[in-house]
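Starting from the known structure of chain A, arrange chain B on it as the hints suggest.
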Amino acid sequence: MFEALSEKLEGIFKKLKGRGLLREEDIVSALKEIKMALLEADVNFKVVKDFTERVRVKAIGKEVTESITPGQQVVKIVYDELCSLMGGKHSKINLSPNPPTVLMLVGLHGSGKTTTTAKLAKSFKKDGRRPVLVAMDTARPAAIDQLITLGAQIDVPVYSTRAEDSPIRICADAIKKANSEGRDVVILDTAGRLHIDEQLMKELEEIKKEAKPKEILLVADAMTGQDAVNIAKSFDNRLNIDGIILTKMDGDARGGAALSMIAVTGKPVKFIGASEKIEALEPFHPERMASRILGMGDIVSLVEKAQEAVNIKEAVKLQKRLSENKFTFEDLKDQLTQIRKMGPLENILSMIPGIGKQIKGMSVNDKELVKIEAIINSMTKQERGNYVIINGSRKKRMAMGSGTTVADVNRLIKQYLQMKKMLKMFKSGGQSKLAKFLNFG
Amino acid sequence: MGLFERLKEGLSKTKKLLIENAEALFLGRTVDENLLEELEDVLVMADVGPKAAGSIVGALREKVKKGKIPDSVSLKKALKEEIKSALQDGNGIKITGEKPFVILAIGVNGVGKTTTIGKLAKRFTDEGLKVILAAGDTFRAAAIEQLEIWAQRAHAQIVKHKSGADPAAVAFDAIASARAKNADVVIIDTAGRLHTKINLMDELKKIKRVINKEMPSAPQEVLLVVDATSGQNVIHQAKMFVDAIGISGIALTKLDGTAKGGIIIAIRKELGIPVKLIGVGEGVEDLRDFDAGEFVEALFE
Numbered sequence: 001m002f003e004a005l006s007e008k009l010e011g012i013f014k015k016l017k018g019r020g021l022l023r024e025e026d027i028v029s030a031l032k033e034i035k036m037a038l039l040e041a042d043v044n045f046k047v048v049k050d051f052t053e054r055v056r057v058k059a060i061g062k063e064v065t066e067s068i069t070p071g072q073q074v075v076k077i078v079y080d081e082l083c084s085l086m087g088g089k090h091s092k093i094n095l096s097p098n099p100p101t102v103l104m105l106v107g108l109h110g111s112g113k114t115t116t117t118a119k120l121a122k123s124f125k126k127d128g129r130r131p132v133l134v135a136m137d138t139a140r141p142a143a144i145d146q147l148i149t150l151g152a153q154i155d156v157p158v159y160s161t162r163a164e165d166s167p168i169r170i171c172a173d174a175i176k177k178a179n180s181e182g183r184d185v186v187i188l189d190t191a192g193r194l195h196i197d198e199q200l201m202k203e204l205e206e207i208k209k210e211a212k213p214k215e216i217l218l219v220a221d222a223m224t225g226q227d228a229v230n231i232a233k234s235f236d237n238r239l240n241i242d243g244i245i246l247t248k249m250d251g252d253a254r255g256g257a258a259l260s261m262i263a264v265t266g267k268p269v270k271f272i273g274a275s276e277k278i279e280a281l282e283p284f285h286p287e288r289m290a291s292r293i294l295g296m297g298d299i300v301s302l303v304e305k306a307q308e309a310v311n312i313k314e315a316v317k318l319q320k321r322l323s324e325n326k327f328t329f330e331d332l333k334d335q336l337t338q339i340r341k342m343g344p345l346e347n348i349l350s351m352i353p354g355i356g357k358q359i360k361g362m363s364v365n366d367k368e369l370v371k372i373e374a375i376i377n378s379m380t381k382q383e384r385g386n387y388v389i390i391n392g393s394r395k396k397r398m399a400m401g402s403g404t405t406v407a408d409v410n411r412l413i414k415q416y417l418q419m420k421k422m423l424k425m426f427k428s429g430g431q432s433k434l435a436k437f438l439n440f441g
Numbered sequence: 442m443g444l445f446e447r448l449k450e451g452l453s454k455t456k457k458l459l460i461e462n463a464e465a466l467f468l469g470r471t472v473d474e475n476l477l478e479e480l481e482d483v484l485v486m487a488d489v490g491p492k493a494a495g496s497i498v499g500a501l502r503e504k505v506k507k508g509k510i511p512d513s514v515s516l517k518k519a520l521k522e523e524i525k526s527a528l529q530d531g532n533g534i535k536i537t538g539e540k541p542f543v544i545l546a547i548g549v550n551g552v553g554k555t556t557t558i559g560k561l562a563k564r565f566t567d568e569g570l571k572v573i574l575a576a577g578d579t580f581r582a583a584a585i586e587q588l589e590i591w592a593q594r595a596h597a598q599i600v601k602h603k604s605g606a607d608p609a610a611v612a613f614d615a616i617a618s619a620r621a622k623n624a625d626v627v628i629i630d631t632a633g634r635l636h637t638k639i640n641l642m643d644e645l646k647k648i649k650r651v652i653n654k655e656m657p658s659a660p661q662e663v664l665l666v667v668d669a670t671s672g673q674n675v676i677h678q679a680k681m682f683v684d685a686i687g688i689s690g691i692a693l694t695k696l697d698g699t700a701k702g703g704i705i706i707a708i709r710k711e712l713g714i715p716v717k718l719i720g721v722g723e724g725v726e727d728l729r730d731f732d733a734g735e736f737v738e739a740l741f742e
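Protein chains in written order, with this note's numbering: chain A, 1 to 441; chain B, 442 to 742.
Extracted from the complex, chain A is given alone in its bound form (with noise of 0.2 Å):
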């Protein structure tokens, strides 16, 4: 999927490559297969053609970073966007100054409310606080005995009924059965109901008017496509929720829904589900999200470490260096040192539209790269700038100071001769180009 991925994209960057700023066309033709990647995440359709425009207008003449492609680029400014849509305010759930603090948990069948109760209790019960479940899901067949089972699992009390009460009965009961018995925090294990269902909804806003919950949570299933929309949007206008829980992320699904559901309800996500035991929830991480949902990660990764690490100083001495052709080794030394910068070298080529393919298979030595750098530091500094003076005795020394043999440092001079060759036809080289010219390896 990623390689898929990456391969497509590489069809773009090429058209693209070589560009200082942002031009309206590169960012046309980059948004073109995002927005592919976005409907194939099950991100909703118009909260795609939306979230696009607003990229398209925010990314016209934006810099393009050394060394990075503008469709790179733009990956990178969707990704920001992404990231800033589906974060912001960090999501706890806020309890309630007199307790006990009631919530209530909704959702469709089978999104994983019953699950999701009983990890909330878990996490509740860790920080030293006395939960209560109410299974108030009286249609399921056998949805109170799971409840039960799991509240026993978990050494939770469950409060549940056999009668046929109705919800709002039960949960009126289970409130104060909480408050005499101190119990602090109370989760209502609502039934799973259709979000069109009016009868069902009607339902749940008298349960709301009741119970008085302190927050209503809806559930939500990662794995959901495009009518994620219409779910969230009708559980929040009969309910005001105050947040959603994604379940089932333990899977392989992109979880666009999550973006889709926040971007109709302004709600943020809280908590994410990721495991069939009952472990606590995970904390909702929207970096993981919109790497996950935009499927581009590593290209996410690369022009950060690009932005990192390239100081622009040093590119625009090393240009003036090029120009008038006076490529030195000691240059070549402040190139490796930057390009180690931006971690190990296998991963930064991999990471390279065109280069990820041709390094498969191919193991890239990082000692290589320590061995040209000891080489260089055995050299004087007249060595390294005029290499013609590099005599027989001279590199002896080298390889005796490096710790590597003569024809270690014949072969670095080679390379080191045939890249001042190439790095005259491309004056205006970058340091991905340097790369390619290392013989690695």
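Heads up, a few of these hints could be off.
[What the hints assert, rightly or not] Mimicking BS3-like on lysine-lysine, the simulated pairs with C-alpha atoms at most 25 Å apart in a straight line are:
#1 B:K492 <-> A:K35
#2 A:K32 <-> B:K492
#3 B:K518 <-> A:K35
#4 A:K46 <-> B:K492
#5 B:K518 <-> B:K504
Since the hints were derived computationally from the structure, they do not count as laboratory data.
Relative to the frame of chain A, chain B by itself:
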């Protein structure tokens, strides 16, 4: 109420958005690239997926180019034909051959496996067949109890072990019991599992192996239960389940919401797996045989 009306009624909410959009699109429009693109958008919104939607509209575009689609009315007709031919017929589950007919129900968590099994059992017992349910979901809390309630409702027998038991052993016992009692149908429930969990997929392989050993022709039907609310991940799910044990048919549940279930078109196109059953409501009678013709008619009429 006839089958067609029932289906139409069940689907009426489902199709509302798609139809409204489609109707607005078709009404008195000239057939041009704009219209085709809007049509593609409508299909994407129905969870058909960008790829399948692109190929359906692509086929229409070819016909337009060849002058085969002069107006928006014939475009609508052509779209229906295109989807219908993509779906073909799944036509339900036929109980035939050596007894018992073994149905293995699989799927990810929360799609409605147990409920579908319960309804299916009721349908078979109503037809006078002797049905045994196997409580193969030994993992989820109270899953066995849930199936037990359905067994009572359906007047079917149930074979169960304790929670946490080996589901393959439950399946084995159910088939042995069906043979001893001369039952017609065995339906095996399994725990919901995400297709990405290797150990759980291995467990599924073992269940199939054990069934196979006890009865070489079984399971005659491996039914993947799919939630109509789900999006594009279903294609990946289906692929993984096919790789693990093979799938002979799909049961599409929860079609009574606003989700349009367009994913079945993509599944049929990409994997060739027929849809055999659809769930269009909560009632036992709302589990229906899938019929491509009726499905498309109900979707567009």
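Now the hints, each set against the structure:
1. B:K492 <-> A:K35: Holds, at about 12 Å.
2. A:K32 <-> B:K492: holds, 14 Å
3. B:K518 <-> A:K35: violated, 29 Å
4. A:K46 <-> B:K492: Holds, at about 17 Å.
5. B:K518 <-> B:K504: holds, 12 Å
Of the numbered hints given earlier, the model fails hint 3 alone.
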